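Novice: Sequence:
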Amino acid sequence: MSDDDNSPISVRAAKLLFADLKHAPALVLAVSGGPDSVALMWLAARWRRSLKRGPRLTVVTVDHGLRVEAGREAREVKRLATELGLAHRTLRWRGAKPKTGLPAAAREARYRLLAQAARAAGASHVLTAHTRDDQAETLLMRMLRGSGLAGLSAMARLAERDDIVLARPLLDVPKSQLIATLKRAKIGFADDPTNRDTAFTRPRLRALLPLLAAEGGDARSLARLAGRVARANAAVEVLTDGAERFLRLTDRDDAPHGPGVRSFDGVAFASLPEEVRLRLLLRAINALGHEGPAELGKVETLLSVLDQALALGPRAAANGRPVLKQTLAGALISLAGGRIHIAPAPARRSQKGT
Numbered sequence: 018m019s020d021d022d023n024s025p026i027s028v029r030a031a032k033l034l035f036a037d038l039k040h041a042p043a044l045v046l047a048v049s050g051g052p053d054s055v056a057l058m059w060l061a062a063r064w065r066r067s068l069k070r071g072p073r074l075t076v077v078t079v080d081h082g083l084r085v086e087a088g089r090e091a092r093e094v095k096r097l098a099t100e101l102g103l104a105h106r107t108l109r110w111r112g113a114k115p116k117t118g119l120p121a122a123a124r125e126a127r128y129r130l131l132a133q134a135a136r137a138a139g140a141s142h143v144l145t146a147h148t149r150d151d152q153a154e155t156l157l158m159r160m161l162r163g164s165g166l167a168g169l170s171a172m173a174r175l176a177e178r179d180d181i182v183l184a185r186p187l188l189d190v191p192k193s194q195l196i197a198t199l200k201r202a203k204i205g206f207a208d209d210p211t212n213r214d215t216a217f218t219r220p221r222l223r224a225l226l227p228l229l230a231a232e233g234g235d236a237r238s239l240a241r242l243a244g245r246v247a248r249a250n251a252a253v254e255v256l257t258d259g260a261e262r263f264l265r266l267t268d269r270d271d272a273p274h275g276p277g278v279r280s281f282d283g284v285a286f287a288s289l290p291e292e293v294r295l296r297l298l299l300r301a302i303n304a305l306g307h308e309g310p311a312e313l314g315k316v317e318t319l320l321s322v323l324d325q326a327l328a329l330g331p332r333a334a335a336n337g338r339p340v341l342k343q344t345l346a347g348a349l350i351s352l353a354g355g356r357i358h359i360a361p362a363p364a365r366r367s368q369k370g371t
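According to the working numbering, the sequence shown is numbered sequentially starting from 18.
Hints should not be assumed to be uniformly reliable.
[What the hints assert, rightly or not] Straight-line distance between alpha carbons at most 20 Å, and here's what the computed PhoX-like set of lysine-lysine pairs gives:
id, residue 1, residue 2
1, 32, 192
2, 95, 203
3, 203, 192
4, 69, 39
5, 32, 69
6, 315, 342
Quick caveat, the hints were computed from the structure, so don't treat them as lab data. Every value quoted in this text rests on a predicted model; they were computed, and no experiment measured them.
Please take these sequences and the hints and turn them into a complete structure.
Specialist: Next up, the structure:
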């Protein structure tokens, strides 16, 4: 993109944003009516017109039922989509809304509805309008939560969700450029006041960005940091893949294998770097557990206990009884006979009367 963050996006630059998607059969554009998503719709429509053959575009607006203005904004998106020659659907998040964790619940509902719309439209991708500014805010949120490398990688340009590819073509584009693009095209957009509601974490962090920018921590720098962390995270994932192969090669012939259990030789496991050991445990627990993804902090605690037990060496195998046995995220982790075993934990017994 242009070094001038306040300049409109050129036709050539806009084509590059979507170039990798030209062979997709169909695309769903997630458009709320705010400046970012309206710019996504306008840029995508202009790009599609430049192609002799290209993907079908369907605009989808999700009405969460949280603001009275949402219905009017959805109708305005439909009007603009129609002017651009695009199909439009409004989907509504129905049912009771949680009293706590509302932003996260709304986000999950939005992605679920978008994936459903994509399948109905025969679309391979859902395009969202996340920008460089959103990337910077996401990094800050995850830093404050103490996330690991994967979390600090922030948002990926492409991610799979519910068997649909989630694409973020504007992830390197500053919001100011999108607004400049819409102003030049004389296209209006909605203003969602919840984006400034300091009752929520993201708007509070957004208000801090000018202060961070004054110290050199602007959105460009933060997004660059997220990209560098993502690069390191990808490298560690490759190392973890190699470690899994190494552990299989060092296994005894009688080591338990199969879809219902993972087993590692303790000595071989202990020889690996700590971050790799941690990821091996995370992968196994998430694959075999039945209570959702494991929390990173709890797996770190488990690894520490395992390391201490493995350090005891032969003394840890007295009488063949497990020297460690605990459940985490619906998985049963044990250490016996010098081997680490991960398997699905038995289902919890329901309490009487429930």
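Novice: Does each hint fit the structure? Answer for all of them.
Specialist: Against the structure, the hints come out as follows:
1. Proposed proximity of residue 32 and residue 192 is supported: the alpha carbons are some 18 Å apart, at most 20 Å.
2. The hinted pair formed by residue 95 and residue 203 meets the criterion: a straight-line CA distance of about 17 Å does not exceed 20 Å.
3. With a C-alpha separation of about 17 Å, the suggested pairing of residue 203 with residue 192 holds against the 20 Å cut-off.
4. The suggested pairing of residue 69 with residue 39 holds, with an alpha-carbon distance near 10 Å, which does not exceed 20 Å.
5. Proposed proximity of residue 32 and residue 69 is supported: the alpha carbons are some 14 Å apart, at most 20 Å.
6. For a cut-off of 20 Å, the pair hint linking residue 315 to residue 342 stands: about 15 Å separates their Cα positions.
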